[in-house]
Amino acid sequence: MLQRTIGLGILAVFVATVSASGPSGVSAQSAWPGADAYVGADQDSANWILPARSYSGNRYMTGAQITTANVGTLKTAWTARVDARGPLEVAPIVWNGTMYVTSSHNDVYALDAQTGAVKWHFPYKPHVIAFSANRGVAIGDGKVYEATLDGHLIALDAMTGKPVWNVVAAHDVTNTFFTMQPVPYKNMLLLGASNGDWGGIGYLSAFDAATGKRLWDWKTIPGPGEPGHNTWSGDSWKRGGGAIWSGLAIDPATSTVYIDAGNPQPDFLGTIRKGANLYTNSMVALDISGAKPKIKWYHQFIPHDTHDWDPAMPPVLFTGTVNGASRSLVAAGDKGGNFWVLDTRTGAVVYHLAVSTQKGQSTEPNRRGDIACPNTNGGVEFNGGSYMPDTNAFYVPSVDQCGIWKSQGTATYVSGQFYLGGAFPALYGPSTGYMNAIDIGTGKFLWRKHLAFPQIGGALSMSTGVVFTGGVDGDFSAYDAKTGNVLWHYATGMTIQAPAASYVLGGKQYVVVGAGPAGVNFADPRFNKGAPTLEGTYSHATAAQITAFTLP
Amino acid sequence: MRTVALSLAALVFFGGAVPARSAPDDHASAIAALADVRAAVAEIVRIEDGYAVGHGAYLRAAHRAMNALVGHRDDGYAPSFGDPGDGVGTLGHLDRMLDQAGASLWTPAVQGAKANVLAAAASLQSALGQKEMEDYEADLTQALASLALVVGRSTETGVLGGLDGALANTTLGVPAGAATVSGCAAPTRAPAYGIVAGRLAYIALPRNSAAAGIPDGLAVSRVQITGRWVVLYAPAARAATALCRAGSRFGRTRAIAAHGAHPPFTAGQARTGVAVYRRYCLQCHGADLQGAAGPAVSGTEFLANAQRNKWTLSDMRTTVFENMPFSNPGSLTPEQYANVMAFLLASSCFSAGSQPFPKTAVPVLAQVKLGPVRGAKPSNPNLGTCLVR
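Residue numbers (the working numbering), protein chains in the order written: chain A, 1 to 552; chain B, 1001 to 1389.
Hint data in this document are derived by calculation from the structure and do not stem from the laboratory.
Note that the coordinates shown come from a computational prediction; the quantities given were computed from them, not determined experimentally.
Chain A stretches covered by chain B per the calculated footprint, using a threshold of three residues with CB under 8 Å from any CB of chain B:
1) 119-129
2) 410-423
With a cut-off of at most 20 Å between alpha-carbon atoms, the simulated SDA-like pairs for lysine to any residue come out as follows:
3) A:Lys125 / B:Asn1380
4) A:Lys125 / B:Asn1382
5) A:Lys508 / A:Gly116
6) B:Lys1114 / A:Thr410
7) B:Lys1114 / A:Ile272
8) A:Lys125 / B:Arg1308
9) A:Lys294 / A:Asp343
10) A:Lys125 / B:Asn1305
11) A:Lys125 / B:Asp1288
12) B:Lys1114 / A:Tyr413
13) B:Lys1114 / A:Asp235
14) B:Lys1114 / A:Ser233
15) B:Lys1114 / A:Thr412
16) B:Lys1369 / B:Gln1355
17) B:Lys1369 / A:Thr412
18) B:Lys1377 / B:Asp1288
All C-beta atoms in this analysis are idealised placements derived from N, C-alpha and C, irrespective of residue type, glycine included.
Extracted from the complex, chain A is given alone in its bound form (with noise of 0.2 Å):
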């Protein structure tokens, strides 16, 4: 009750000086952001307030001051130690000076995004279901909101780290957790759930920002008597999947939010889910203007998976010029190993291009055991890619990678366990890695470079021709957007699963960047050995840490 009412004497605060420095809220030091300043983030290169810096989802970045004429001599400004029991996949948050940070296990740490000194750190002890992850915060009004792996929605003082409120948000805990780092729009946090190999059925939620009281649920698998309901065979829907866990990209001119739900379940299984088994691995444009999310349109990238290869990738959309022509698109990619444009206004594939190597993919899964390529977490990852207006290219990092899948004659669910009718494939032949720059003029690649790892760190580009990503293998690279040559590089020593941020404070351009242990996912037999890098040798990490890079 005390850190209530204290909560509530901060924001009395921050309300009045809002009003003192207009309704932007941008200039307002220690005011949180408002809408408009959601909606303009894109503009503001002192911070980063959206986990891929803007609502069309778009890692691009204006007013920087690295360029490659000078990225070559970036140097580490600070690290920051963060808990390490599991990789570090967070998008970072950067607001007024202070950066917001989760570990795997959702703990919470606000940093000074000038030093990377601790100012707070919420410790939290969750339930794992099956893998720690967890991609990072939302921000505003004086809080800091993260959904965790135990299926809560926590707020924070933003200014202590003390719980305001905490929510079971998840209807299921024993099948459902959340990884997905919460999305503010107007006064709702829009979230997805992760359940989608555990027999659960994929749902994306708004909660009042204010109370985590829950306003709608959209549920990717229709229900009997809705559209698309029969593309299930028996009861099979009850638990199909498609959950949506890596991201989401909005719209905020027509109040629509672009999502990608994730594979049909049981994963390997597909002979007891006759049917397209919608809207699993599907993109799916909702308006979200009235009480209830209404489907504008849908497209299914693979129908009937029996590989999990769910679109990991979130959306992001942009205006690219295509045939000379300039057209309102948003991009896709899946663990399928493919690559999508489609039109924002009705859905319809623009272009489509494989990223990864492709093989085997029309066999379902059997008893004795199928190499199809690529594998589980190959393709293109969840941390996604970046579309550059100046090069008129998106850049994507992908993983090349086969498997070899099996499925079991059943499938039976068990409460708080897998529900695959299979086991997840088993790594065969080599693993490595792509950083790609698609022409999207002409859909076609601009450049590609083969990489000894898989890349899965996603893309943030600059308006002054630097793309950065990161390998599993630790490196984080900054390349030429024209060429694809690497312009620098720093070998972190852990593994890099998250993706890059930057911001400009105190006069210097920062980016940062997670690195941590392996995980579930990546863990590379290589690692063992000490495989060499691009600096050096690589050995399992067992420290994860937030790294901040910035020019002498």
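With chain A held as given, fit chain B onto it using these hints.
Leaving out everything else, chain B in the frame of chain A:
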């Protein structure tokens, strides 16, 4: 108000997935499923015995019976006709039981009951489309025949026994929270349910207040009155006690079957399993077995979670043998898997015995329920784990 209604609707939709603590237990679900069947039967009998005039009353009866059977989550549910059942419907209750449970002795009976409910619903659906009274009556009669099989009879086990058979002869007849004892021995306390490998052998009641403790509609093959207890033997008690005699020939198997609590493994297996764990599991599940990138696999947190999710040793075995190690499932030898299972169980403070953890899937593992270990003396009280060396 609107948002409240929405979130309630969402909860109902995810009915099969509501957290275990708020979900009804299987026994209560079976009783509720039977009540819905009886409500449907009553509707059909009333219209067949009555002298209703006009098409509407007949359609209404078929719709109401259908509603009681399928529940409001089914698209066959027609709310405007009313529902003589509880709204969840026989199907809703049976689906919940089949969804939540691993395989139990009563699973085939419940699966059979579900098939017969679907058959009855199909007959009712057919009746709704009939124009001639005779055809309507024939469909209703067919529906009643199917429902009779859903109810089943208490003297039979398996599919033929239906819900009554499962309630009278298996652990499905044991209400949540009721005390259970080994059905192979005479009762040691009362009230208590004597259980042998998932079968109900008897219900023991205190002699002085036995009448008050007899469950409604209980079927009994034999009543024995001793000095302190009244022992009501289940209709299929002889099958249960035959298992006790068979079990005694297999040593430890008997204890597992009788008490349903003790995982088989040897101390030697557990010691050998240490190296397997270190090499293949430690990186994700932690040196203290409390999880890191992956979940906790031993001790207080693991066992509490296992109990919450009603995991049997068979469920745990399936995950370990078939889904682990995560990056290369199924890649260890059966011996390595058995040894690491032994290591995990020993680390959770289960005590080792003379029977090894089996290298193949054996049915008895499904009888061992995982949960906090009674009388455990953890070497690490904070984590509830026992050191294995």
